[in-house]
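We have chain A already, so just place chain B on it with the hints.
Number of protein chains: 2
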Amino acid sequence: MAGILEWRLTVSDGSSQELTPELRWTYRAWTSVVRLIVGLRLRILKFMEKIWKLAVDDPRRVAHCLKVATALTVVSLFYYVRPLYDGVGGTAMWAVMTVVVVFEYTVGATLSKGLNRGIATLLAGALAIGVHELAHRSGDKAEPIILGASLFLFASAATFSRFIPTVKTRFDYGVSIFILTFSLVTVSGYRVNQLVELAHQRLSTIAIGGALCMVISMLVCPVWAGNDLHLLIARNMEKLAMSLDGCVEQYFNDNGNASDDEEACQELNGYKCVLNSKAAEESLANFARWEPAHGHFGFWHPWKQYLKIGTALRFCAYCVEALNCSINPDIKAPEFIKKHLCGPCMRLSLHSSNVLKELSITTRTMRKSSTIDFSIGEMNGAVEDLQNALRSLPHQLPPPPTSSTEEHEVDKNRHNSVPPIVSIMEVMPLITAASLLIEIAARIESVVDAVEKLAGLASFKQAVDDKPDKPKRIEAHNKPTLEEQGQEGMKALEVA
Amino acid sequence: MAGILEWRLTVSDGSSQELTPELRWTYRAWTSVVRLIVGLRLRILKFMEKIWKLAVDDPRRVAHCLKVATALTVVSLFYYVRPLYDGVGGTAMWAVMTVVVVFEYTVGATLSKGLNRGIATLLAGALAIGVHELAHRSGDKAEPIILGASLFLFASAATFSRFIPTVKTRFDYGVSIFILTFSLVTVSGYRVNQLVELAHQRLSTIAIGGALCMVISMLVCPVWAGNDLHLLIARNMEKLAMSLDGCVEQYFNDNGNASDDEEACQELNGYKCVLNSKAAEESLANFARWEPAHGHFGFWHPWKQYLKIGTALRFCAYCVEALNCSINPDIKAPEFIKKHLCGPCMRLSLHSSNVLKELSITTRTMRKSSTIDFSIGEMNGAVEDLQNALRSLPHQLPPPPTSSTEEHEVDKNRHNSVPPIVSIMEVMPLITAASLLIEIAARIESVVDAVEKLAGLASFKQAVDDKPDKPKRIEAHNKPTLEEQGQEGMKALEVA
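Protein chains in written order, with my numbering: chain A, 82 to 577; chain B, 82 to 577.
No lab work stands behind these hints: they were computed from the structure.
All values derive from a computational prediction rather than experimental measurement.
Check before you lean on any hint, since a few could be wrong.
Same chains, same names: a pair is fine if it fits in one copy or spans any two.
[To be verified] The list that follows gives simulated cross-link-like pairs (lysine-lysine, DSS-like), each with its CA atoms no further than 27 Å apart:
hint, residue 1, residue 2
1, Lys419, Lys249
2, Lys542, Lys438
3, Lys131, Lys389
4, Lys419, Lys534
5, Lys438, Lys131
6, Lys385, Lys131
Looking at chain A on its own, in the form it has when it is part of the complex (with noise of 0.2 Å):
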C-alpha cells in the first residue's frame, strides 16, 4: 500500500470510510462549487457595502440619480405619448440626448456642459450651413471639394484649440460638439431651406432638454460646484491643524507608542487629503465659474483665490508631511532636550494650528474673525520663544570629551543629570522637526495672507467683536464665538 495515497471520510459516529475514486471527484467538485459560492457571496456582499457605504457618505449622490432618471422619464415619455418625431432619428432624439449627455453632478457641470452645448450648436450651425450654400453655388464638381476642404480645415483646427489650455479646461465639449454639428451639417444633402428648419427643430428640443436639465439641478437639491470647493477648502485647513497637533503632540506625550486609535490615526494621516485634493480643487473651481450667484456667493466671486488658498496650504502640507517622518525615526533625542524643547515644541504647533483652525471658520462662515492678528501674534511669539530655546540649547550641552583634564572643573551637577556624550546626531530629529514647525509657521503666514485676499475680494462680514485690546479675556471670551461660527459652519454644511 506504501506509495498509494488513501482518501477516507470520517463520518460523525466516529467510524470512518475509504473514498472510491468516483466519490472522491465529487467530493472535490462539491467543496470547489461550495467553496465558489461562498466567495462569490462575500464578495457580492462586500460590493453591496461598498455601495452602500457610497450613498451614506454622500445622500446627494442618490438625490442625483433619481434627479436625472426624473429628467430623462420626463422627456423621453413626453415624445413618447406625443409622436412628434419620426422614429429613432428624428428631433425626440436629440432632447433625450441632451438630458443623458448634459445631466452631470454639479450645478456648474450641467450648466457649462448645456451652454457649450447650445453656443457650439448655434455656431457651427451658422458656420456650416454658408460653407454649404457656397459649395451648392460653386457647381456639381467642385461641391464634394469645397465640402471636403471647409470640412478639414475646420476639423483640425478645432481640435488644435483643445490642446489650449484654457479651451482645454472651459470649452473641450463645446469644441467637440461645434465638429461634430459643422460635420454633420456639411455634408448633409438638404438644400439650405431645409436645413434652416431643420435646425430650427433640433435647436429648440437641444433647449428644452438643457434647460429641462438645468432647472432640475438648481433648483432640485442643487449640488453647487462653488460651496463644494468652499466647504473643501476650509475643510482641509481643519484638517492639515488636526494633523500638525496630533503628530507633535504624539512626538512628545506618547512616543514610541504608534496609535492604535484609529480614528487618532486618520486625524493624523489628514495632511494627505490635502497633498492629493489639487485635482479636485481645479475641476470645482472650473464648474463654480458657471455657477449664478447662489446662496453668499455673488456672480463674480473670486473662486480662483480658492486655488491660491489651497496651493499655500499645500505648500504648508509638504512641510508637515517631512515632519512626520523626521519626528519618528529610530534614533531617540536625549529625554532631557526632548523636555528642554517640547514646551516651545508644542505651544508652536498649538498656535499654528490655532492659526489655521480660525482660518477655517472664517473662511467657512465668511466673516472676518477678531482675533485672528491675536492669533498670528501668538504664534510669532512661540516662533521666537522655540528660537530662543534653540538658543539656549548649547549651553546644555556638555563640553567636547576631548579635553578630558578640564572637563572635571566644569559643574558637576550638570552631568550627573545628562549623559556624558551628545552628538548633534542624537538631536538633530529633535533640531529638524523645531525647524520644520517654523517653516510651517512661516507658510501659515502665505495662507493668511491669501485668506485675507479673499476676504477683500469677497468683501467677507466685519467681525462681530472688533478690538482684542485684553488677550487674557478675549482667550476667555473667544471660545463661546468659536463654537458659535463652528455650528454656522455645520449649518452651511448640512444646507450643501
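Relative to chain A, chain B alone:
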C-alpha cells in the same frame, strides 16, 4: 487763459499748432483707435506665439489634428458620395458622430472610448429590445408604465454606478452611452423586428467609424499612453536628480547669489513637475491598460507599478521642496561649520542624484543596471559619512560661554579660527538640510525598490556587465555604457 487746458500738436518743422475742441476729439479718438489696434496686434501676436509653442513643443499634436481631420473627412465624404442614408438623422450620422467622439489623442484613450461605445451600445440595445418586447405584450395601458419604470430604474442605477471609482475611471463613457442607447430604443415607436434591423445598421456604422479611428490612431504616428507614461516617469527621476544637485550645489558653492541663469533655475525647479504630475500619471496609466502590445511593452505590462514609482518619487519631491526652502533662509551658518559639512553634504547629494539618474536610465532602457547596487552602496556610504561629520560636530563647537574661567585653558588655536558663540539657531538650517538629505536618501531607496519590482514584473533585460568587482574600474568603464543607454533612451524618445 489760466485753468483752461490747451492742446498743442508739435509739427515736424518745429512749429506747434493749437488744437480746436473738434480737432482734440478727433485726435483723441484717433490715438485711442491706434492704441486699440496696436494692443490687438500685440495680443494676436502673443496668441500666435503661444499656438506656435504648443505645436513646436510636441509636433505629435499637429499630427493628431491632421489624423482626426482626415478620418472625419473620409467618413463624411464616403457617406456623401454614396448616399446610403436618409438625411442628417440617418445612419451616416452615427459614423460621423463616432469619429468625432471616439478619436482621442492617445491610442489608449481612443481604444477605451471605442470599446466602451461599442460594448455599451450592444448591451443596452439587447436589454432595451427585451424590455420593449415585454412592454408591447403587456397591453396598451401597461406599456408606457413598464417603459417609464424600467427607464427610471436603469437610468438611476447606471448613473449611480458612475460614482464607483473603478467605473468612473474606466467605464464612464460606456455608462453614458448605455443610458443613451437604452432610453432611445425603449421609447422608440418601432416594433421589435424593425428595431433589430435598425440596431444592426447602427452597430455596423458605429463599428466602421470606430474601427477607422482605432486603425488610424494606431498606425499613423501613434501616441501610446503607455510609452508616454514610461518616459514621464523616467524624465521625472532625472528632473528630481537635477533639482537635488542644483539645490545643494547652489547653497554650498555660490551662497547668496540667487541663480539668474534661466536654465539653471528651471533645473532647480524640476521637482515641482514631480509634485504636480499625479493627475497626468493616473490618466496615462488608465489609458495604457487598454493598449495592445507595442514597442517593448507587452499586453500585460505592469502599468500600475509606474504609479507606485510615481508616488515614491513624489515622496522624495516633498523632501526636496522642504530642503529647497530650508537652505535659503536669512540665517547664515558660520563658515567653519559650513565647510565642515560641505563635503559630506555635496557627496551625499551627488550620490543620491546618481542613483536617481541610474534608475531613470534603467527605466527608460528597460535594462537592469550593472552598477546600481554599487551606486546605492556609495549613497549609503555617503549617508554614514554625513552622520559621522555630524557626530564630530560638537567637538568643533566651542564650549558654552557660561564657564568662562575654564575656557582659557582650552586649546587657543581653535578659538582663534572660530567665532566665540555658536548657537544651535545658527547651525539649524545646515542641520535641517543634512537631516533632509538623509531622509531623501532613505526615500530614494523606496524608489529603488519600486523600480526593482517593476524590473521583475516587466522582466527587464539583464545588464551587460554583471559583476562590478572592481569599483574604480567600473566607474571609468561606466561612462560609455551610460552614454549608450542614454542614446537608446533618446531613440525611444524620438520614436515616440
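Okay, the hints, checked on the actual structure:
1. Taking identical chains as interchangeable, the C-alpha atoms of Lys419 and Lys249 are never at most 27 Å apart, the minima being 53 Å within one chain and 49 Å between chains.
2. For the identical chains of this complex, Lys542 and Lys438 are intra-copy neighbours only, at 18 Å inside a copy versus 53 Å across copies, given an alpha-carbon limit of 27 Å.
3. For the homomeric pair Lys131 and Lys389, the shortest alpha-carbon distance between copies (24 Å) is at most 27 Å, but the shortest distance inside one copy (34 Å) is not.
4. In this assembly of identical chains, the alpha carbons of Lys419 and Lys534 never lie at most 27 Å apart, being 39 Å within a copy and 40 Å across copies at closest.
5. Taking identical chains as interchangeable, the C-alpha atoms of Lys438 and Lys131 are never at most 27 Å apart, the minima being 32 Å within one chain and 42 Å between chains.
6. For the homomeric pair Lys385 and Lys131, the shortest alpha-carbon distance between copies (22 Å) is at most 27 Å, but the shortest distance inside one copy (34 Å) is not.
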